Amino acid sequence: DDDLSGVADALGKAIDSAAVSLRYLESKAELVPGTK
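In our numbering, the protein residues as written are 74 to 109.
Hints may be right or wrong, so weigh each one.
[As the list claims (entries may be wrong)] If you anchor each label on the Cβ, the simulated ranges turn out as follows:
| id | residue 1 | residue 2 | range |
| --- | --- | --- | --- |
| 1 | Leu77 | Glu99 | 30 to 36 Å |
| 2 | Asp75 | Gly107 | 47 to 53 Å |
| 3 | Asp74 | Leu104 | 42 to 48 Å |
| 4 | Pro106 | Leu77 | 44 to 50 Å |
| 5 | Asp74 | Val105 | 45 to 51 Å |
| 6 | Gly107 | Lys86 | 31 to 37 Å |
| 7 | Leu95 | Asp74 | 28 to 34 Å |
| 8 | Val105 | Ser78 | 37 to 43 Å |
| 9 | Val105 | Gly85 | 27 to 33 Å |
Keep in mind the hints are simulated off the structure, nothing from the lab.
If you're wondering where the values come from, they're calculated on a predicted model, not measured in any experiment.
Note that the Cβ used here is the ideal one computed from N, Cα and C, for glycine as well.
All chains should be modelled from the sequences, with the hints used to inform the complete structure.
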């Protein structure tokens, strides 16, 4: 059970950081003309 909660926690953190990275890249892309 502890292993499962640890995995869920790690997965949640990975998803959070991936979402932050995507949002960052999208905001960068909007600043560059011709990418959309």
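Exercise for review: Please test the hint of 28 to 34 Å on the beta carbon pair from Leu95 and Asp74.
Suggested key: The hint (28 to 34 Å, Cβ to Cβ) holds, given that Leu95 and Asp74 are roughly 32 Å apart.
Review point. Between Pro106 and Leu77, does the C-beta distance stay in 44 to 50 Å?
Key: holds, 47 Å
Exercise for review: May I ask you to test the hint 27 to 33 Å on the CB atoms belonging to Val105 and Gly85?
Suggested key: holds, 31 Å
Point to revise | Range hint compliance [Cβ, Gly107 to Lys86, 31 to 37 Å] | key: Given range 31 to 37 Å: holds, Cβ gap about 34 Å.
Check your understanding: Do Val105 and Ser78 keep their Cβ atoms within the hinted range of 37 to 43 Å?
Key -> holds, 41 Å
**Study point:** Pairwise beta carbon distance, Asp74 to Val105, judged against the given window 45 to 51 Å
**Key:** holds, 47 Å
Check your understanding: So does Asp74 sit 42 to 48 Å from Leu104, Cβ to Cβ?
Key -> holds, 46 Å
Exercise for review: Kindly confirm whether 30 to 36 Å is satisfied by the beta carbon distance between Leu77 and Glu99.
Suggested key: holds, 33 Å
Review point. Regarding Asp75 and Gly107, is the given constraint of 47 to 53 Å on their beta-carbon distance met?
Key: holds, 50 Å
Of the numbered hints stated above, none is contradicted by the structure.
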